[in-house]
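The task is simple: from the sequences and hints, build the whole structure.
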Amino acid sequence: MAVQGNMLVGEAVLLAMAAAFRASAGLDLDERMMLALEAGDAAGGDKRGRQSAALKLYHHQPFPLLDVRVDEHPDPVTELRRVHTVARAETLPFVQQMPADVGGAGTVHPAVLHLLALSPADRAALRKPSPADPA
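Adding 15 to a residue's 1-based position in the sequence shown gives its number in our numbering.
Hints are not guaranteed to be accurate.
Simulated DEER-style distance windows between Cβ atoms [as the list claims (entries may be wrong)]:
1. ALA69 to VAL24: 16 to 24 Å
2. ALA40 to ARG84: 22 to 30 Å
3. ALA38 to HIS74: 19 to 27 Å
4. PHE109 to LYS62: 36 to 44 Å
5. ALA104 to ARG65: 19 to 27 Å
6. ASP90 to ASN21: 15 to 23 Å
7. GLY59 to LEU133: 33 to 41 Å
8. ALA136 to PHE109: 15 to 23 Å
9. ALA132 to GLY59: 40 to 48 Å
10. ALA69 to ALA34: 19 to 27 Å
By construction, these hints were calculated from the structure, which means they are not laboratory data. Cβ coordinates follow ideal geometry from the N, Cα and C atoms, glycine included.
Right, dumping it as structure tokens:
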């Protein structure tokens, strides 16, 4: 495992990120990375202040499995958590159904098609809270 950052307030940020990542070993990689970002932010983050946050994850496809970002926001990591939660509920199931060969045809699971046909408000009602969400 490697943890790095640019212009951080100090080593405590890296240590907090590494600890959060290790402590979340049973969770999906995107959730572990999100928890590490939140821990780094809580430990002081970037010494220049807050402006943006991003999470991009590839798996076996030539395109990202998950690609979320927040720019020009006063609390970007908190906003990234919200965007990540939406992406896990609404985008990730669709991307996971895409064929690994971009030129190939794939079948989309009926549950994913149903989700995509719903309005954003109806999809929001189906979201499950993240393990990191407050109870």
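- Of the numbered hints stated previously, which ones are contradicted by the structure, given in increasing order? Hint check: nothing fails, all pass.
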